[in-house]
Structure formats: C-alpha cells, structure tokens
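Colleague: If you read the sequences in order, they're chains L and W. Each step along the first sequence adds one to the number in this note's numbering, with nothing skipped, and position 23 is 1161. Each step along the second sequence adds one to the number in this note's numbering, with nothing skipped, and position 48 is 75.
Just so you know, the hints here were simulated from the structure itself, not pulled from any lab data. Here a beta-carbon is modelled for each residue, glycine too, at the ideal position from N, C-alpha and C. One should not assume that every hint holds.
Okay, the calculated bits of chain W under chain L, using three or more residues with CB under 8 Å as the criterion [stated by the list, open to error]:
(1) 43-53
(2) 66-74
(3) 112-123
Which residues of chain W face chain L? A partial, calculated answer using Cβ under 10 Å [unchecked claim]:
(4) Gly86
(5) Val87
(6) Leu88
(7) Glu109
Each chain is listed here by its residues.
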Amino acid sequence: MATERTPEQDLVLELPTDIRSIERAVDYVMQRCSSCSEQARRLDFNFRVGLTEALSNAMLYGNSRDPSKRVLVEVALQRGRLEARVTDQGAGFDPSVVPDPTSPENLSKPCGRGLFLMRQLLDEVSFNDEGNQVTLVLKLESGGILEGGVQA
Amino acid sequence: MGFEVSQNGEVTLVEVEGQLIVGNRQELKQQVLEQLEGGDRKFVIDFAKTGYIDSSGLGVLVSLSKKIREQGGELRLSSLNEDLRTLFELTKLDTLFRIADSKEQALEGF
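So here's chain L without its partners, still in its complex pose (with noise of 0.2 Å):
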C-alpha cells in the first residue's frame, strides 16, 4: 500500500476505491504522524476528520464508487506544515458551487458536509483547476483552531 519516502514526500498511498479501506488508511497515516506534533488534538481530530472525508468524498463521489479505479494520497510534513494531497480518478467538479450545509434549508439534508467539514477543522483546503485533487494542510506551528472549543 506504502511507497517509499522521497525527500519531499513523507507518505505515499494508492489506494482502492474501496469505502472499506478508509478507516485503515486513515489510521495507517494517523500513526505515522503520532510523533510529528505536539498538538496532538489538532492532528488526531482536524487533520483525521479532514483526511477521512477527503477519502470519502474521493472514493463516493469522485470516483462514483468504480472498483476500477484509485485514489492516490500523499501526505509531506514540512516545516511546521502536514499536508495531504488527494487525488481520485473522477471528472473533477467545482468546489465553488457546494452549498452551505448549516443554512436553515440544508440543515435536514442527508449529504453536503464533507467539504463543509474539511474547510471548518483544517488550515487549508484547496483543489486543482480539474477539481479531483485536494490539498489539506494543518499549520502544527499555529494557534489551534479547537483550542478551548470551536473556532478560535
């Protein structure tokens, strides 16, 4: 599943389009980065639910589910900064149109909070111009966004 380390590039994954292997996946490259920070919430809650829904999203709707298909994470921690790239083999789509999920008229709706979610916990969220890559980063150097609640 792992490659191995270049100088800038910490983690590599390949992974299948496979709902099932999110969790494993996201606990594979948690476990790498335990020693990478002392924020340790700010790692395992922001960066982890971040991580997980970029997979998901990935996999879900990117990808549309297609077994055939993959989705390749890779994750570099850089001065003070830990970075995952996500890319999935779909058509990409435009991040500019979600809707906002905590507006009272999508409040009761099922799905929508996966991006909502990535851009509340982590530093950084952007995507490429195709719209099948993101890019999360966690500022480990930086005040804590959860520090004593919700956003600081």
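On the provided structure of chain L, position chain W as indicated by the hints.
Modeller: The following block gives chain W in isolation, referenced to the frame of chain L:
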C-alpha cells in the same frame, strides 16, 4: 465496531461502538428502520463508546431523525464526547437534535 440494541420500556436504545462512518452507516440505518417498521417510535442513540462520526454518519442520523419524526416518533442522542460535540456544533446539527449528556438522562422522561 458495532451496534448494540436494547429495549428500555418504550424506548429503543442503540449504542454505537467504535466509529459511525461511511463504511458502516447503512448497518445502523437498517437496524433502526427495522425497529421503526416494527412499531417502535422512541429512539436513543448513545455515543459513549464512539470514537468518531464522519459526515456520512451525521447524514444518516439526520435521515433517521426525519423518518422517525414522519412516523410520529423522536430520536434523541446522548453521550457525545468533546470531539463529537464539536462536529455537531460546527454543522449546527446540535440545533436539530435533542442531545443528552448520558443515556440515562436521554431515557429520563422520554
């Protein structure tokens, strides 16, 4: 990872062990819907033994709450840890559910 279902008088208590995520959300949905079809109307889902709920899991809770309400029933939640409570607050789902500190509190007066 699993679900333990028990009856407390008229109330069906479902305890979620492990995680409620995209990989097992359908199992919870099926369990609760079977109870609903069997005539149960009062439900408590307890998260004392739950590590994490993802957005799919949150979505299933929203969906179940709606279906139960449509049948004249109610779904209450209990025992959210700090991380889970944060997820509910961020998504404003804490305004949609009645959330108790413990299953005992949720069952009280239901």
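Colleague: Are the hints correct? Go through all of them and say.
Modeller: So, going through the hints one by one against the coordinates:
1. With 4 residues carrying a beta carbon less than 8 Å from a beta carbon of chain L, the region 43-53 of chain W meets the three-residue requirement, and the given coverage holds.
2. Figure legend: the region 66-74 of chain W, annotated as covered by chain L; annotation inconsistent (0 residues with Cβ-Cβ distances under 8 Å, at least 3 required).
3. Look at the region 112-123 of chain W against chain L: 9 of its residues bring a Cβ nearer than 8 Å to a Cβ of that chain, three or more, so the hint holds.
4. Hint on glycine 86 of chain W holds. Least Cβ distance to chain L is approximately 4 Å, under the 10 Å limit.
5. For valine 87 of chain W, the suggested interface contact is upheld, since its CB lies about 7 Å from the closest CB of chain L, less than 10 Å.
6. Proximity of leucine 88 of chain W to chain L holds as hinted, the smallest CB-CB distance being about 9 Å (cut-off 10 Å).
7. Restraint check, glutamate 109 of chain W versus chain L: the minimum CB separation of about 9 Å is within 10 Å; hint holds.
Violated hint for the displayed structure: number 2, the only one.
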